[in-house]
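Starting from the known structure of chain G, arrange chain Y on it as the hints suggest.
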Amino acid sequence: MPGYIKDIINSLKSLAIGLEITNREFLKKPITLQYPHEALKMTPRYRGHIELYKNPETGTHSCISCGMCASVCPSNCITINSRKVPGVKGKVLSSYILNFTTCSLCGQCVENCKTGSIGFSNEYNLAGTNKDDYIFDLLKRLHPEGIPEPVVDPELLKQEEEKLAAAAQKAAEKKAAAQKAAEQASTDASGEATAEEKS
Amino acid sequence: MDELIRLLSYFVGIAAFLGFNLAYLGWVERKGAGHIQRRNGPKEVGPYGLLQPLADGLKLMSKQLVVPAAADKPLFMCAPVLAMVPAVLLFVVIPFGDGLVPRQFNSGLLMMFAFASVAVLSILMAGWGSGNKYSLIAGTRAVSQNIAFEIPMLITAITIVMITGTLDLSEIVRYQDGGFWRWNIFRLDKSILMPASFLIFYICSMAETNRAPFDLGEAESELVAGYHTEYGGMGFGLFMMAEYANLVIGCSLTTILFLGGWQSPFGILPDGPHWFFLKMYFLVWCFVWMRWTFPRVTLWGLLNLSWKYLIPFSLVNLLLTALFIKVF
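Top to bottom, those sequences are chains G and Y.
Its first residue numbered 1, the first sequence is counted upward by one per residue in our numbering.
Its first residue numbered 1, the second sequence is counted upward by one per residue in our numbering.
In short, the hints are calculated from the structure, not lab data.
Among the hints, a few may not be true.
[Said to hold, decoys possible] From the structure, some residues in chain G lie toward chain Y, with a derived Cβ separation under 10 angstroms: (1) Leu12; (2) Leu15; (3) Asn23; (4) Lys29; (5) Ile31; (6) Thr32; (7) Gln34.
All residues carry an ideal CB built from backbone N, CA and C; glycine is no exception.
Extracted from the complex, chain G is given alone in its bound form (with noise of 0.2 angstroms):
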């Protein structure tokens, strides 16, 4: 009998604790972060799909279109197009093209990415109606105003265009011989013949 009236009074002091941490939290402010009308400021290091970074001294990328980042993708998801422009130095990045939809976010480009020009982006609002919606043109999200021209050095242009000139000389020097050649053959043919004839 005594422990059933203890039991009884423990139990309501324990209820009567329960009711005042509730009432405590209810007097407190919300803490939950209001989503769509507030959102986190993502840390530098999350790991968001690729991107390409901007060289603050160039202004632009520092890819060099090595195209390591494609062959090491695991699901093939990079594609890069490149094209030659006379007067710069190795190749131009026409076009780098993420395919986020079987990206695994497993971060071997960056990993072996030379000139270190990509990184991962804090982009994570990745919500969309659509496939395409997902096959992202990194150069295009670099540079959204319009992809700058890229500087043309005029010296490598010179020797550029010297080395063309030589060349299409020395083509046009081949073609010629190769020509000569060729009539020569003819003449000798025709001469072969006639040979054949009387024989």
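Here is chain Y on its own, set in the frame of chain G:
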């Protein structure tokens, strides 16, 4: 003719009062739950989420009513309506103020308990008629729970009837006139266990409404959604509304029996319905507060509470009251 107008105006009044309460108690509950858990609760629809109940109602009404193939169709369709009927009917005898009662009944308390026990029938019907084992378990649980808690509730009510000598709810309130020390909860000269008696009645009315921590009939973590597992749309909506209506009725009855109804706590301040609503909504808020504080009791814990604690105490209180009335 006058009688007809009176009847009609009370009907409209009760319907409006009930509709407002059913809609906005849901809002109060969600807001309260939110703030207790350090969230905001509804806040997007209208200022402070005040239009949320309307949006909920529209959504529930636009949903299709699906009757499961294994269901007992008449029972399944009747149950939500039967849940709502006693809830609305019971407001007929509740005195909101002096003379402000739709129907003056000299046995109002009896009618209260008579119709309140119909509510459990609707739960049993819903549980059986759904043709679902979870619903059936919930139905049987709700019945055992209601039987267990109706006994201490009735014994406590009998104590009050012994003190006041009437079953008329208005008369019971008038008996408690003259300040808060005259309220039945503080009538220690009638029985020293009166505050405990109030607690017993309050706990029992909480259990009768099938609310957490006594929501064994719907126990989400054990029985999916209990007796209303198979109900969608307005079928579910009616059960929800009946729960809130029963909440208001339980708190009103506690206010009338123990807290002096429309009587002001101090003799100087004027009496009036505002005191009734103040006390009633305070008790309603305590229900919400407890719901989001206490975990659900187990079935044996629930029956233990009733048979081992509430019933003995209410019986002792009954005997004490009889003794006090005889001796003093």
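Status of the hints after comparison with the structure:
Nearest Cβ of chain Y to the Cβ of leucine 12 (chain G): about 9 angstroms, under the 10 angstroms cut. The hint holds. Interface restraint check: leucine 15 (chain G) against chain Y, minimum CB-CB distance 7 angstroms, threshold 10 angstroms, status holds. With its C-beta approaching chain Y no nearer than about 7 angstroms, asparagine 23 (chain G) sits inside the 10 angstroms limit, and its interface hint holds. Restraint check, lysine 29 (chain G) versus chain Y: the minimum CB separation of about 8 angstroms is within 10 angstroms; hint holds.
Restraint check, isoleucine 31 (chain G) versus chain Y: the minimum CB separation of about 5 angstroms is within 10 angstroms; hint holds. Hint status for threonine 32 (chain G) relative to chain Y: holds, with the closest Cβ pair at about 5 angstroms, below 10 angstroms. Annotation: interface hint on glutamine 34 (chain G) holds; nearest CB of chain Y at approximately 7 angstroms, less than 10 angstroms.
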